[in-house]
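> Sequence:
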Amino acid sequence: MPLIGFGTVAVPLPPSQTLVSVFIDAIEVGYRHFDTASIYGTEEPLGQALAQALQLGLIKSREEIFITSKLWCTDAHHDLVLPALNLTLK
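Taking this note's numbering, the leading residue of the sequence shown gets 812, the next gets one more, and so forth.
Calculated from the structure, these hints are not laboratory results.
For every residue, glycine included, the Cβ atom is placed at its ideal position computed from N, Cα and C.
Do not take every clue at face value.
To be verified - Mimicking DSS-like on lysine-lysine, the simulated pairs with C-alpha atoms at most 30 Å apart in a straight line are: (1) 901 to 881; (2) 871 to 881; (3) 871 to 901.
Said to hold, decoys possible - Estimated spans, in silico, between C-beta atoms of each pair: (4) 874 to 836: 31 to 39 Å; (5) 820 to 892: 17 to 25 Å; (6) 875 to 818: 13 to 21 Å; (7) 891 to 814: 30 to 38 Å; (8) 867 to 893: 32 to 40 Å; (9) 884 to 842: 26 to 34 Å; (10) 868 to 896: 30 to 38 Å; (11) 835 to 874: 14 to 22 Å; (12) 823 to 872: 30 to 38 Å; (13) 874 to 814: 24 to 32 Å.
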């Protein structure tokens, strides 16, 4: 796992396509670790960017990429953990 990751929090949250472009740029310059959280609202654009990066040949497989995420404190109740994790993995 790379020592340096690309943080995906953005305030205010830019348009989704802007985020996709930023993430593609990060992949082009060599980032292979992305740090995110569902509360950031950036997980879906990150997934879109990874799909595009695969199509463009910027990465050969998903195995080249490391993604870390967080279980937000509001989702720490035992009834909320699994749905929150499933949302992140989606």
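> Give me the numbers of the hints this structure contradicts, sorted from smallest to largest.
4 and 13
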